[in-house]
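Novice: Sequence:
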Amino acid sequence: MEFSWKNVIKLSGAYIAYLIGSGFATGQEVMQFFASYGPVGIVGALISAVLFCLLGSMIMVKGHELKLSQPGDIFKVYCGNFFGRIIEYFALLFIFSIVVIMISGTGAVVSEHFKLPSSVGFLGMGILAMITVILGLNKLIDIIGLIGPVIVVLTVFICGYVFITQVGNIPSFDHLPQAAKDLQPTSHFWQSAILFFCYNMLAGTVFFTQLGSEANSKKEAVAAAICGGSGLMLTVIMMVVAMLVYYNDVIKLEVPVLYIGGTIHAIVALFFAICIVLGIFSTTAPMYWLVKNEVMRYINNRFDIIVTIVLGIIFILGGTLPFGSLVATIYPFVGYVGILITVIIIAHTAFNKFKKA
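Mapping to the numbering used here: the sequence shown position 265 is 270, numbers consecutive.
These aren't lab readings, by the way, just hints derived from the structure by calculation. Keep in mind that the hints are not guaranteed to be accurate.
[To be verified] Only pairs whose alpha carbons sit at most 27 Å apart, straight line, appear in this in silico DSSO-like list of lysine-lysine:
{"#": "1", "residue 1": "LYS297", "residue 2": "LYS72"}
{"#": "2", "residue 1": "LYS224", "residue 2": "LYS358"}
{"#": "3", "residue 1": "LYS11", "residue 2": "LYS224"}
{"#": "4", "residue 1": "LYS81", "residue 2": "LYS361"}
{"#": "5", "residue 1": "LYS361", "residue 2": "LYS72"}
{"#": "6", "residue 1": "LYS11", "residue 2": "LYS72"}
{"#": "7", "residue 1": "LYS144", "residue 2": "LYS224"}
{"#": "8", "residue 1": "LYS120", "residue 2": "LYS257"}
{"#": "9", "residue 1": "LYS144", "residue 2": "LYS72"}
{"#": "10", "residue 1": "LYS81", "residue 2": "LYS360"}
{"#": "11", "residue 1": "LYS358", "residue 2": "LYS81"}
{"#": "12", "residue 1": "LYS297", "residue 2": "LYS144"}
{"#": "13", "residue 1": "LYS81", "residue 2": "LYS224"}
{"#": "14", "residue 1": "LYS360", "residue 2": "LYS224"}
Sequences and hints are given; from them, build the entire structure.
Specialist: Structure representation (structure tokens):
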């Protein structure tokens, strides 16, 4: 098949959009895993960028080669039937919890920026994601493939503007405030960078396998993964540098990017709020689809819509839990499991390359 940049952009956009989510789009994840370490957090983001490009390429190429009818079976390919099934279920449980975090994050944004009841946010996001999942996977990839690049461009532009115009106001980082240290998931920035990558990759492996099957060639799959990983982490770096400018102000906020946008103009904060909601949706809908798809393996297809609605109700109820606490509790723990999966994927790929040589 002919190489298509249009398809690469769509797939890389879906790659980015899938991982952005509420913790990322609000700045909460970026604050905890990178900015909480001060300027050295930028180095951590570069470490994550390399990992996203390398491992993302491996998984998407494997997805292109295998074209699995059930993308969750990718864990069996890497880990064998027994352990693969255990990891698949663990990943599914994690993805389920992320959907809850996404919906909770919508409530935080609606409450903090629009001054509306948080229930408006999590109910609205839950229902919107439910409708999108009912429409099916192909429509889903088309929708979120457009959202990813839009969020990257807006975030990079706004955060870049803040940094350039306020660079002289960056505080001294000789001693990090205790509030920043309290946010750090580990004692070292490089460990945090690896954890950030690993929990995202654990959640993303199944979806990236599916994206790889949509590529026309291995070259397209690799290009999409590199563009997706680079775009994602460029956005992280720009968010970190903007947070450094207003460090003491944003370190305690649930939605730090709204504060950053508001320092320029109220309209910019509104744009950021819209970006956040789009980012949450772009992660919620495909993860919702993955959970529903796995459940439907054991249920007659006639009940597809009923299962989708029941899951939506469960997700909405879970979305009433506190957002910041969910991010701080779930993500670091799952990151350690993700490290194991990352090592297995690298070893499996290297072994196959060695066998062919």
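Novice: Would you mind marking each hint as holding or not holding in the structure?
Specialist: We went through each hint and held it up to the structure:
no.: 1; hint: LYS297 <-> LYS72; in the structure: holds (20 Å)
no.: 2; hint: LYS224 <-> LYS358; in the structure: holds (17 Å)
no.: 3; hint: LYS11 <-> LYS224; in the structure: holds (13 Å)
no.: 4; hint: LYS81 <-> LYS361; in the structure: holds (21 Å)
no.: 5; hint: LYS361 <-> LYS72; in the structure: holds (21 Å)
no.: 6; hint: LYS11 <-> LYS72; in the structure: holds (21 Å)
no.: 7; hint: LYS144 <-> LYS224; in the structure: holds (24 Å)
no.: 8; hint: LYS120 <-> LYS257; in the structure: holds (18 Å)
no.: 9; hint: LYS144 <-> LYS72; in the structure: holds (19 Å)
no.: 10; hint: LYS81 <-> LYS360; in the structure: holds (20 Å)
no.: 11; hint: LYS358 <-> LYS81; in the structure: holds (19 Å)
no.: 12; hint: LYS297 <-> LYS144; in the structure: holds (16 Å)
no.: 13; hint: LYS81 <-> LYS224; in the structure: holds (24 Å)
no.: 14; hint: LYS360 <-> LYS224; in the structure: holds (21 Å)
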